[in-house]
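There are 2 protein chains.
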Amino acid sequence: MVKLKDIGELKFIKRIEGLIPSFRNKDVVVSLGDDCAVVKDGKSLILLSSDMSIENVHFLSDVFPPSAIGWKSMASAWSDIAGMGGEPCWALVSWSLPEYMTVHKAEAIFQGMLKATEFVNGTIIGGDTTASNDNIIIDVTVIGKPVNDRYITRSGAKEGDIIAVTGTLGNSAAGLVALKQGLPECGLWRSHWYPIPRVEEGKWLCETGSVNAMIDISDGLIVDAGHIAEMSQVGIKIHKQDIPASEELTNFCEKYNLNIDDFTLGGGEEYQLLVSIPQEKWEQISTEFNALFPCSITAIGQVTHDRQDVRVDGTIPQIKGYEHFV
Amino acid sequence: MVKLKDIGELKFIKRIEGLIPSFRNKDVVVSLGDDCAVVKDGKSLILLSSDMSIENVHFLSDVFPPSAIGWKSMASAWSDIAGMGGEPCWALVSWSLPEYMTVHKAEAIFQGMLKATEFVNGTIIGGDTTASNDNIIIDVTVIGKPVNDRYITRSGAKEGDIIAVTGTLGNSAAGLVALKQGLPECGLWRSHWYPIPRVEEGKWLCETGSVNAMIDISDGLIVDAGHIAEMSQVGIKIHKQDIPASEELTNFCEKYNLNIDDFTLGGGEEYQLLVSIPQEKWEQISTEFNALFPCSITAIGQVTHDRQDVRVDGTIPQIKGYEHFV
Numbered sequence: 007m008v009k010l011k012d013i014g015e016l017k018f019i020k021r022i023e024g025l026i027p028s029f030r031n032k033d034v035v036v037s038l039g040d041d042c043a044v045v046k047d048g049k050s051l052i053l054l055s056s057d058m059s060i061e062n063v064h065f066l067s068d069v070f071p072p073s074a075i076g077w078k079s080m081a082s083a084w085s086d087i088a089g090m091g092g093e094p095c096w097a098l099v100s101w102s103l104p105e106y107m108t109v110h111k112a113e114a115i116f117q118g119m120l121k122a123t124e125f126v127n128g129t130i131i132g133g134d135t136t137a138s139n140d141n142i143i144i145d146v147t148v149i150g151k152p153v154n155d156r157y158i159t160r161s162g163a164k165e166g167d168i169i170a171v172t173g174t175l176g177n178s179a180a181g182l183v184a185l186k187q188g189l190p191e192c193g194l195w196r197s198h199w200y201p202i203p204r205v206e207e208g209k210w211l212c213e214t215g216s217v218n219a220m221i222d223i224s225d226g227l228i229v230d231a232g233h234i235a236e237m238s239q240v241g242i243k244i245h246k247q248d249i250p251a252s253e254e255l256t257n258f259c260e261k262y263n264l265n266i267d268d269f270t271l272g273g274g275e276e277y278q279l280l281v282s283i284p285q286e287k288w289e290q291i292s293t294e295f296n297a298l299f300p301c302s303i304t305a306i307g308q309v310t311h312d313r314q315d316v317r318v319d320g321t322i323p324q325i326k327g328y329e330h331f332v
Numbered sequence: 007m008v009k010l011k012d013i014g015e016l017k018f019i020k021r022i023e024g025l026i027p028s029f030r031n032k033d034v035v036v037s038l039g040d041d042c043a044v045v046k047d048g049k050s051l052i053l054l055s056s057d058m059s060i061e062n063v064h065f066l067s068d069v070f071p072p073s074a075i076g077w078k079s080m081a082s083a084w085s086d087i088a089g090m091g092g093e094p095c096w097a098l099v100s101w102s103l104p105e106y107m108t109v110h111k112a113e114a115i116f117q118g119m120l121k122a123t124e125f126v127n128g129t130i131i132g133g134d135t136t137a138s139n140d141n142i143i144i145d146v147t148v149i150g151k152p153v154n155d156r157y158i159t160r161s162g163a164k165e166g167d168i169i170a171v172t173g174t175l176g177n178s179a180a181g182l183v184a185l186k187q188g189l190p191e192c193g194l195w196r197s198h199w200y201p202i203p204r205v206e207e208g209k210w211l212c213e214t215g216s217v218n219a220m221i222d223i224s225d226g227l228i229v230d231a232g233h234i235a236e237m238s239q240v241g242i243k244i245h246k247q248d249i250p251a252s253e254e255l256t257n258f259c260e261k262y263n264l265n266i267d268d269f270t271l272g273g274g275e276e277y278q279l280l281v282s283i284p285q286e287k288w289e290q291i292s293t294e295f296n297a298l299f300p301c302s303i304t305a306i307g308q309v310t311h312d313r314q315d316v317r318v319d320g321t322i323p324q325i326k327g328y329e330h331f332v
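In order, the protein sequences belong to chains A and B. With positions in the first sequence counted from 1, the corresponding number in the numbering used here is that position plus 6. With positions in the second sequence counted from 1, the corresponding number in the numbering used here is that position plus 6.
FYI, nobody ran anything at the bench for these hints, they're computed from the structure. Among the hints, a few may not be true.
Identical chains blur together in the list; that is why a pair holds if it fits in one copy or across any two.
With a Cα cut of at most 25 Å, we get these calculated BS3-like pairs of lysine-lysine [claimed, not checked]:
id, residue 1, residue 2
1, Lys20, Lys121
2, Lys11, Lys111
3, Lys246, Lys261
4, Lys186, Lys111
5, Lys287, Lys17
6, Lys46, Lys209
7, Lys9, Lys20
8, Lys121, Lys246
9, Lys11, Lys46
10, Lys121, Lys17
11, Lys49, Lys11
12, Lys46, Lys186
13, Lys111, Lys9
14, Lys121, Lys209
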């Protein structure tokens with residue numbers, strides 16, 4: 007019998023999607039395969055997304071302060087709203103905790119969730135609390151609204167577009183390595199613990215009306231660029247030397263003789279935004295963005311006509327991002 | 007250090023609720039403490055609820071067909087929409103599966119979710135799929151709409167109201183006992199595996215405009231009557247002899263010398279509706295309901311002025327329902 011680990015997360019999801027009857031319901035505008043689902047409630051649109059975090063799969067509890075467990079699980083969900091350019095509104099928190107956990111620790115986890123929610127100006131309105139067998143399990147569902155009925159999907163990238171990314175890449179993945187190996191790199195630790203959902207940046211990019219495709223980088227640059235390429239039926243070429251990396255990451259890789267590409271190309275959970283912008287709009291958008299937001303935006307490549315390929319300096323990279331089951 | 011098992015689920019939830027800053031957001035109409043949260047999207051209202059199911063906490067996978075795992079986890083979530091009298095619309099499914107699970111089994115679980123969703127005329131629009139360490143974890147978020155902007159909370163019960171329940175109670179809990187002990191009671195097994203969310207019944211009751219309070223019975227009659235009593239600041243008296251039980255349950259208890267009260271008063275996961283209806287409306291509502299729905303509705307008690315007590319034949323019952331952590 008074929009097991010989940012034999013086919014991997016992405017193929018399994020495709021099979022499951024195939025089981026769902028095609029939507030007779032006109033109220034479903036965007037369903038599977040994007041950062042959020044989009045549904046129509048009367049005249050207005052709603053963005054919806056869920057994100058599940060499991061102890062020792064998504065976070066290593068030995069090296070996570072409780073508040074970071076809460077922050078990260080919540081921030082990763084809000085980041086899906088950011089990835090569509092939406093306005094965060096409400097969240098439901100379902101969590102399952104071991105009965106021997108202290109009330110103090112459970113409350114600290116929840117405080118982290120509250121902080122991440124306050125950061126994006128959202129509200130926790132409900133959820134479900136249950137006992138688990140052993141592990142901490144957190145599933146967050148977030149609900150947002152598009153600003154002026156506008157949202158950005160993964161599927162609009164066009165040949166010739168500039169591919170750009172907010173902030174720098176790789177700090178979170180490097181932080182995980184530092185934490186696992188007990189290396190005292192506090193800044194990188196914090197990048198891994200407390201990633202920033204780029205909500206204001208996403209909303210602004212959406213409001214320009216000029217961004218063709220967008221995604222939040224949760225599984226790594228190569229994997230998430232691949233999602234844009236697949237959904238847009240295009241290719242993407244990335245120039246490695248243009249990928250923005252922090253000084254801290256560069257120093258860390260030099261100090262410990264690590265390959266920086268593993269972090270910048272393959273490292274996820276950074277929650278930066280990856281966007282596809284028409285060439286003629288790039289200069290204006292990037293100039294205004296960089297004047298407005300401290301995290302800055304950087305061109306790292308272009309959209310090509312090769313279907314669904316992501317190439318780095320001309321070759322298909324061996325570095326993959328994260329996939330469950332395999 | 008105080009642990010979760012020292013204070014139990016209900017006290018812990020109260021503490022967590024206390025951490026959430028009071029809602030400055032006018033768009034939150036009903037938040038914590040009811041079957042669903044209710045939010046305002048422009049002029050219309052939305053109902054939202056999450057329900058998490060964990061292997062060997064919420065279901066024993068040894069005695070569950072895969073399709074029943076899916077049906078039950080989904081039906082329990084849709085039942086929260088039923089408990090407010092809402093119309094089911096959309097669902098997000100987050101699930102975490104062991105990598106050694108067969109694809110066949112995972113697909114059968116999902117088929118069960120699809121069937122429960124088709125049953126209520128809803129649509130699965132997204133979610134999250136991840137690997138778990140060991141157990142099956144399913145969290146379903148459901149979104150519904152009130153019919154004509156009307157919904158029923160737990161908090162409107164008034165002294166003198168008739169307390170009534172749809173269908174019969176106790177089959178699901180007895181089914182679990184039969185399954186655990188290998189007793190060949192197929193009908194009771196099915197009640198435990200495939201509970202029916204009372205969506206049409208809930209909508210109809212809501213549309214009468216005459217139901218003061220409603221809840222779906224997920225934790226057992228006593229616990230859920232207690233929720234109405236607490237939220238409505240009233241007491242509830244129940245007449246044991248009036249509680250409807252199936253012939254199958256009666257026979258089962260006689261055959262195996264079991265106390266039927268354990269099942270009818272304490273057994274949850276039946277997803278029948280418990281309602282509080284003004285005395286003067288009872289006759290008309292019950293007559294019409296019983297003409298329309300095969301599951302029937304039965305008066306089992308009354309609302310009293312004693313604050314927050316639930317009494318069965320005059321005494322506070324020793325039988326409790328299910329509470330996590332304790």
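Verification of the supplied hints:
1. Proximity of lysine 20 and lysine 121 under a CA criterion of 25 Å is satisfied inter-copy only: 19 Å between copies versus 35 Å inside one chain copy.
2. Taking the closest pair of Cα atoms, lysine 11 and lysine 111 come within 25 Å of each other only across two copies (13 Å); inside a single copy the shortest separation is 33 Å, beyond that limit.
3. In this assembly of identical chains, the alpha carbons of lysine 246 and lysine 261 lie at most 25 Å apart only when taken from the same copy (21 Å versus 74 Å across copies).
4. In this assembly of identical chains, lysine 186 and lysine 111 lie within 25 Å of each other by CA distance solely inside one copy; the values are 21 Å within and 35 Å between copies.
5. Neither within a single protomer nor between protomers do lysine 287 and lysine 17 lie at most 25 Å apart by alpha-carbon distance, with minima of 36 Å and 55 Å respectively.
6. When the C-alpha separation of lysine 46 and lysine 209 is checked against a cutoff of 25 Å, the pair qualifies both within a copy, at 19 Å, and between copies, at 21 Å.
7. For the identical chains of this complex, lysine 9 and lysine 20 are intra-copy neighbours only, at 15 Å inside a copy versus 41 Å across copies, given an alpha-carbon limit of 25 Å.
8. Taking the closest pair of Cα atoms, lysine 121 and lysine 246 never come within 25 Å of each other, the shortest separation being 35 Å inside a single copy and 48 Å across copies.
9. With identical chains, the CA atoms of lysine 11 and lysine 46 are never at most 25 Å apart, being 36 Å at best within one copy and 42 Å at best between copies.
10. For the identical chains of this complex, lysine 121 and lysine 17 are inter-copy neighbours only, at 22 Å across copies versus 35 Å inside a copy, given an alpha-carbon limit of 25 Å.
11. Taking the shortest alpha-carbon separations for lysine 49 and lysine 11, neither the intra-copy value of 43 Å nor the inter-copy value of 47 Å comes in at or below 25 Å.
12. Proximity of lysine 46 to lysine 186 under the C-alpha cut-off of 25 Å is found in neither arrangement, the shortest distances being 44 Å within a copy and 45 Å between copies.
13. Within a single copy, lysine 111 and lysine 9 get their C-alpha atoms only as close as 36 Å, which misses the 25 Å cut-off; across copies the closest is 9 Å, which meets it.
14. In the homo-oligomer, the alpha carbons of lysine 121 and lysine 209 lie at most 25 Å apart inside one protomer (20 Å), although the nearest pairing across protomers, at 37 Å, exceeds that limit.
The structure fails to meet hints 5, 8, 9, 11, 12 from the earlier list, while all remaining hints are met.
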